[in-house]
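Novice: So the sequence lines, in the order shown, correspond to chains A and B. Numbering (my numbering) for the first sequence: 1 to 396. Numbering (my numbering) for the second sequence: 1 to 428.
Derived from the structure by calculation, the hints contain no laboratory data. One thing to keep in mind: the hints can contain errors.
What the hints assert, rightly or not - Part of the chain B face toward chain A, derived, beta carbon under 10 angstroms:
id: 1; residue: T24
id: 2; residue: T38
id: 3; residue: G65
id: 4; residue: L107
id: 5; residue: T108
id: 6; residue: V110
id: 7; residue: D201
id: 8; residue: V236
id: 9; residue: R238
id: 10; residue: V239
id: 11; residue: L240
id: 12; residue: V241
id: 13; residue: E312
id: 14; residue: M314
id: 15; residue: T367
id: 16; residue: G375
Stated by the list, open to error - Here are a few chain B residues that sit away from chain A, every Cβ distance over 10 angstroms (derived from the structure):
id: 17; residue: D372
id: 18; residue: T374
id: 19; residue: V418
Fair warning: this is a prediction, and the values are worked out from it, not measured in the lab. Here a beta-carbon is modelled for each residue, glycine too, at the ideal position from N, C-alpha and C.
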Amino acid sequence: MIRHPLLLAIVMIVSTAPVAAQSLLGTRGLGVPVAPVDARGRALGGIGVGLLGTSASFLNPADAAGAPRKGVLAAVQPITGSVEVNGASDGFGGARFPVMNVLYPIGTRLVATAGYGGFLDQSWAIRKENRIVVGSDTLTTSDLLDSRGGIARLQLGLAYTVTPELAVGLGGGVYTGGLERRVARGFPGAEPPLQAYDERFRWDYLAPHATLGVRWDPDPALRLSAAVTLSGVLAADSAGGPARSATFDLPHRAVVGASAMLGPDLMATLGAERTFGVAATESDPSQEVATVAERETWRLGGGLEFTGVRRGARTYPLRLGGSWLQLPFHRVDEEPATEWAVGGGAGFRFGDVSAPLALADLTVERGRRSGLATANTSGLSESFWRFTFAVAVFGQ
Amino acid sequence: MRGAAALALLLVVAAAACTEEGPTAVGGDLVKGGELRTFEVLLEPGQFLALDTAIAGYAGPAGAGYQVVANAYEGVLQAHAMTRFVSLPDSQQVVQTGGGTVWDRNLTFVGGQLTAVVDTLRSVVEGEVGVHLHAVRQAWDPASATWTHAVDSAAVRTLWEQPGGTRMVPGSTRAWAAGQDSLLLSFDSATAAALAEATDDEQGLLLSMTGGQGRLRISNMSLQVDFRPSTRPDTVIRVLVPVTRRTSVYTPRLAERAATARVGGVEGWRTFLRMAPTLEDLVVPCGPSGDPGSCTVRLGNAVLNRAELLLEPMPPPAGYAPTAAVPLTATTVLRPAFVPLERSPLAQVVGVADAIPASAFGADSETTVVVDVTGFLRPLLGSDAQAAASDWLALFSPPEGGRFGVGAFSGAPRLRLVLTVATEVQLR
Numbered sequence: 001m002i003r004h005p006l007l008l009a010i011v012m013i014v015s016t017a018p019v020a021a022q023s024l025l026g027t028r029g030l031g032v033p034v035a036p037v038d039a040r041g042r043a044l045g046g047i048g049v050g051l052l053g054t055s056a057s058f059l060n061p062a063d064a065a066g067a068p069r070k071g072v073l074a075a076v077q078p079i080t081g082s083v084e085v086n087g088a089s090d091g092f093g094g095a096r097f098p099v100m101n102v103l104y105p106i107g108t109r110l111v112a113t114a115g116y117g118g119f120l121d122q123s124w125a126i127r128k129e130n131r132i133v134v135g136s137d138t139l140t141t142s143d144l145l146d147s148r149g150g151i152a153r154l155q156l157g158l159a160y161t162v163t164p165e166l167a168v169g170l171g172g173g174v175y176t177g178g179l180e181r182r183v184a185r186g187f188p189g190a191e192p193p194l195q196a197y198d199e200r201f202r203w204d205y206l207a208p209h210a211t212l213g214v215r216w217d218p219d220p221a222l223r224l225s226a227a228v229t230l231s232g233v234l235a236a237d238s239a240g241g242p243a244r245s246a247t248f249d250l251p252h253r254a255v256v257g258a259s260a261m262l263g264p265d266l267m268a269t270l271g272a273e274r275t276f277g278v279a280a281t282e283s284d285p286s287q288e289v290a291t292v293a294e295r296e297t298w299r300l301g302g303g304l305e306f307t308g309v310r311r312g313a314r315t316y317p318l319r320l321g322g323s324w325l326q327l328p329f330h331r332v333d334e335e336p337a338t339e340w341a342v343g344g345g346a347g348f349r350f351g352d353v354s355a356p357l358a359l360a361d362l363t364v365e366r367g368r369r370s371g372l373a374t375a376n377t378s379g380l381s382e383s384f385w386r387f388t389f390a391v392a393v394f395g396q
Numbered sequence: 001m002r003g004a005a006a007l008a009l010l011l012v013v014a015a016a017a018c019t020e021e022g023p024t025a026v027g028g029d030l031v032k033g034g035e036l037r038t039f040e041v042l043l044e045p046g047q048f049l050a051l052d053t054a055i056a057g058y059a060g061p062a063g064a065g066y067q068v069v070a071n072a073y074e075g076v077l078q079a080h081a082m083t084r085f086v087s088l089p090d091s092q093q094v095v096q097t098g099g100g101t102v103w104d105r106n107l108t109f110v111g112g113q114l115t116a117v118v119d120t121l122r123s124v125v126e127g128e129v130g131v132h133l134h135a136v137r138q139a140w141d142p143a144s145a146t147w148t149h150a151v152d153s154a155a156v157r158t159l160w161e162q163p164g165g166t167r168m169v170p171g172s173t174r175a176w177a178a179g180q181d182s183l184l185l186s187f188d189s190a191t192a193a194a195l196a197e198a199t200d201d202e203q204g205l206l207l208s209m210t211g212g213q214g215r216l217r218i219s220n221m222s223l224q225v226d227f228r229p230s231t232r233p234d235t236v237i238r239v240l241v242p243v244t245r246r247t248s249v250y251t252p253r254l255a256e257r258a259a260t261a262r263v264g265g266v267e268g269w270r271t272f273l274r275m276a277p278t279l280e281d282l283v284v285p286c287g288p289s290g291d292p293g294s295c296t297v298r299l300g301n302a303v304l305n306r307a308e309l310l311l312e313p314m315p316p317p318a319g320y321a322p323t324a325a326v327p328l329t330a331t332t333v334l335r336p337a338f339v340p341l342e343r344s345p346l347a348q349v350v351g352v353a354d355a356i357p358a359s360a361f362g363a364d365s366e367t368t369v370v371v372d373v374t375g376f377l378r379p380l381l382g383s384d385a386q387a388a389a390s391d392w393l394a395l396f397s398p399p400e401g402g403r404f405g406v407g408a409f410s411g412a413p414r415l416r417l418v419l420t421v422a423t424e425v426q427l428r
């Protein structure tokens, strides 16, 4: 076992390299939202705020208050499914690392956190075969449009226990990451052969953000949590190829969550997130491509956790939950997209279930995203299986 | 330990889950940015060339490895094959009737025989022609002799007393008709004596042709000489006399430069092309074939998929029609400072065309010769055109001088480009 939590943290940070995760909805705007939530959070509705017990989510920095031990939590999330666009279908798949968080108690009231997690994912790839006429030749073309990357959220936070019932948190950091768009065309079977077209466009992302959060436990069996994150302007700087630099306003977001013990071993949770401060989209009829619109969105989720299965010092939680969310980006002539998912999971806690020495969780979700229909097309729908694995270890 | 095993198992599963999947075959209509357009552009020489010229002199008949004999070929070409041999022996070891050998220093040359091997596939003769053998009767230089000059070196220029080679008359004659792969020309004692008495600078045999029209290609030649030893005057002894140098003299000779593209020929024509220095800034149409002007693109902003030089063969100057396929190779040319173009070394081969059939150089030919120069042009059109190895290109026919016929083309080549551009990739 990796005994030092920081060592595991380094391993996981190094591992947080971009990994292809495909959703064709990522072709819209800045991509598909990715919540920085671990396997437990995913099984309980995907909000990840206000959960009683240990959570890797850092959406509310106040949630780390009271953590008794140093620890590191991380998750990986493979996804596989099928996509249907205007009657044609194909498979897709990939993986991402949705969250990694380090907890570091300082004294009895203060806990420092360092989190790195998903925010928006722009990984997708499309291949098109075609036949074209060039001069007197008819050529077969194989086009590849490959987008890799996205925006991650890096956040340092402090959680302060004001009273045993009340904690506040402050976080700040940057949205960071990058995007590489590759456009390639090959000419299979061309005689004489033609050299392929292969161009890459790269951008680096950077934007500041700050979060203020509060957590209130009016009763040992009830937890309420809320946080507001204010985001700055996202700079997308050209980092290679003929990419053109740009800036975008990122929305602010407010998240609330609550959980309650319905019985000695049964917890229920509900949560919601709302984005706000999105600038109105102004359609430019002079543009050949319809303007991308961004909307203010809701993300809702909830679930149940049963912790009654125990063996010695080990607890094996069982979870059930569901989530629904609105995707922010679409073209002005397209129907906005939504996603729902239901899932279940199981876990393992070694030691006290509320402050374990180690944990591991697995969540399996079945979901569907759909949208982007226009007056002339039926749009896109994706059915997926999403698996989230999470592990955490804590010091003494 | 169980916890460690579980953790390790989860990490392994997680790592396995990171396998990338391929792109989807659907959704192409979702993406509007990054659309690719592949199109063709034909550039006239004036659009992409800063200079073009053809220069001869990279080979010559003395090093060609074959000889040419012609008479009124295509109405104009006269050519003589000239051969120098080692000096005839002035003594010979002779076996005596009673056994034993003696050195005989008083030989009497009584005749001989020249055997010429004819390349029938590359020889063109109408009807039957006469091929004549003569001894040369003037000092000459096999390395520089021409139709008009016996010696045409940098230091010495000496005219032939008789254009085409001063020769002894009479010689011997043999008829030759198409299909015969060799010529056996016997000569008499006078010719043999002339060979024996000639100085080293004079010695040589000359083949000419009369009657009919045609051009013979002699691929090899050998000489045998007969003599009587003074010690055994009743005996004729034949010795093989090795060839030392071979060349051809011919008229009319082409000027050393031409304004239209040429390759090949016994004098090794090269065509030099220099690309326009701002080729990457040339703006070309990129629209569909029905409306090419609906969009334009700077060449440097498009990706080059293929670049081809297009050459239109035409009949070469009279007498120089190719009789076999003409290979064509394109190479870059290095241009060191202070070195004239004609002496600039060739560098890297960048394109090879299919061998051009001789028939393509006919008057009615509609053949277009295609030379792939993609590898040469890509750096010139790239973002760092200054880094390109050379903007000069040479077209030639290897091996230089290996064919008497010249590959001629009407004007300078055109350039066909297949290019691809993408509409701007939008970030969102």
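Novice: Kindly indicate which numbered hints from before are broken by the structure, ordering the numbers from low to high.
Specialist: 3, 4, 5, 6, 7, 8, 9, 10, 11, 12, 13, 14, 15, 17, 18 and 19
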